[in-house]
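J.: Sequence:
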Amino acid sequence: MTLAIETRGLTKRFTETTGVFDATLQVEAGLIFGFLGPNGAGKTTTIRMLLDYLRPDHGEALIFGMDCRRQARELRHRLGYLPAEFNLYEEMTGEDLLKYLAGYRPEGSLKRAHELAERLNIKLKGKIRQYSKGMKQKVALIQALMHDPDLMILDEPSDGFDPLIQQEFHQILLEARGRGKTIFLSSHILSEVEQICDRVAIIRQGKLLAVERIEDLQARKVRILNLTLDHALDAATLRIPQATLRSQQGLQASFTYAGSARALLSSLAEVPLADFTLEPARLEEIFLSYYEPQQP
Numbered sequence: 001m002t003l004a005i006e007t008r009g010l011t012k013r014f015t016e017t018t019g020v021f022d023a024t025l026q027v028e029a030g031l032i033f034g035f036l037g038p039n040g041a042g043k044t045t046t047i048r049m050l051l052d053y054l055r056p057d058h059g060e061a062l063i064f065g066m067d068c069r070r071q072a073r074e075l076r077h078r079l080g081y082l083p084a085e086f087n088l089y090e091e092m093t094g095e096d097l098l099k100y101l102a103g104y105r106p107e108g109s110l111k112r113a114h115e116l117a118e119r120l121n122i123k124l125k126g127k128i129r130q131y132s133k134g135m136k137q138k139v140a141l142i143q144a145l146m147h148d149p150d151l152m153i154l155d156e157p158s159d160g161f162d163p164l165i166q167q168e169f170h171q172i173l174l175e176a177r178g179r180g181k182t183i184f185l186s187s188h189i190l191s192e193v194e195q196i197c198d199r200v201a202i203i204r205q206g207k208l209l210a211v212e213r214i215e216d217l218q219a220r221k222v223r224i225l226n227l228t229l230d231h232a233l234d235a236a237t238l239r240i241p242q243a244t245l246r247s248q249q250g251l252q253a254s255f256t257y258a259g260s261a262r263a264l265l266s267s268l269a270e271v272p273l274a275d276f277t278l279e280p281a282r283l284e285e286i287f288l289s290y291y292e293p294q295q296p
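Residue numbers (the numbering used here): 1 to 296.
A portion of the hints provided could be inaccurate.
Said to hold, decoys possible - Straight-line alpha carbon distances no greater than 27 Å define the calculated DSSO-like cross-link-like pairs of lysine-lysine that follow:
no.	residue 1	residue 2
1	Lys125	Lys99
2	Lys123	Lys111
3	Lys123	Lys136
4	Lys99	Lys133
5	Lys127	Lys111
6	Lys125	Lys111
7	Lys99	Lys127
8	Lys111	Lys133
9	Lys136	Lys111
10	Lys123	Lys133
11	Lys99	Lys111
12	Lys99	Lys123
13	Lys136	Lys125
14	Lys136	Lys99
Everything labelled a hint here was simulated from the structure, so no lab data went into it. These numbers were taken from a predicted model, which means no experiment stands behind them.
Based on the provided sequences and hints, a complete structural model is requested.
T.: Okay, here's the thing in structure tokens:
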């Protein structure tokens, strides 16, 4: 197995509760890997340590077996990076900016930049300061992908994209994976991760909670149980083993359910019920289960 990214006990402490703590992670080459967590969870801090923009207090990080700190310069040509927050040369046109950057990239990069611009439906004329947020996002994405790097590190890449452009962006990433490229994708858009990622890591308060295949997460026996009650009742008083109340409005109540269908049917026999549905949980519900308040 070839590893695109490997971290061993990677730690950057800002306070006792903020930073990244003892992160050990392996990202296999040739995958689209999702890195999930809310704002402040440690996603961007981890990425900055991978890129040697931030030095860890402890531990180490490797990209393609090379030390991210000591061999950062040699790694640069193999990487493409889109930060969550960026600044562009706003007095330049998009065309001029990409031409300028192509001078530092391999031959053919400008041609690929034009191909990406066409697919993402952006005209590169006009000064960048006149561009919308979505247009600037497209230019920043193009500069990260134009040299077809071996590893693409993308921090919230589809922010501001409409659904059609987001679909085209996903196709671009899937094609890159087909060429053996690795994509490390930090995102809070769970539907995006569910559609295109092969594996996912979940980070909470600087600590990695899980690293799993998408299909393994989706196969968890967690379902959404929707009840229509026969008469008004406080759903919180219902005794349904392995069910947790999500919401209630009038006669409608929704639960997460982690038991078997047979056990559920037995439990519902005691409920004043007009109707019910049981559906697989989306990745969103599975992800949020990692963010339930921790017991003291």
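J.: Next, verify each hint and record whether it holds.
T.: Each hint tested on the structure:
no.: 1; hint: Lys125 x Lys99; verdict: 12 Å, holds
no.: 2; hint: Lys123 x Lys111; verdict: 15 Å, holds
no.: 3; hint: Lys123 x Lys136; verdict: 11 Å, holds
no.: 4; hint: Lys99 x Lys133; verdict: 21 Å, holds
no.: 5; hint: Lys127 x Lys111; verdict: 20 Å, holds
no.: 6; hint: Lys125 x Lys111; verdict: 16 Å, holds
no.: 7; hint: Lys99 x Lys127; verdict: 14 Å, holds
no.: 8; hint: Lys111 x Lys133; verdict: 24 Å, holds
no.: 9; hint: Lys136 x Lys111; verdict: 19 Å, holds
no.: 10; hint: Lys123 x Lys133; verdict: 14 Å, holds
no.: 11; hint: Lys99 x Lys111; verdict: 10 Å, holds
no.: 12; hint: Lys99 x Lys123; verdict: 14 Å, holds
no.: 13; hint: Lys136 x Lys125; verdict: 12 Å, holds
no.: 14; hint: Lys136 x Lys99; verdict: 16 Å, holds
Checked against the numbered hints above, the structure violates none of them.
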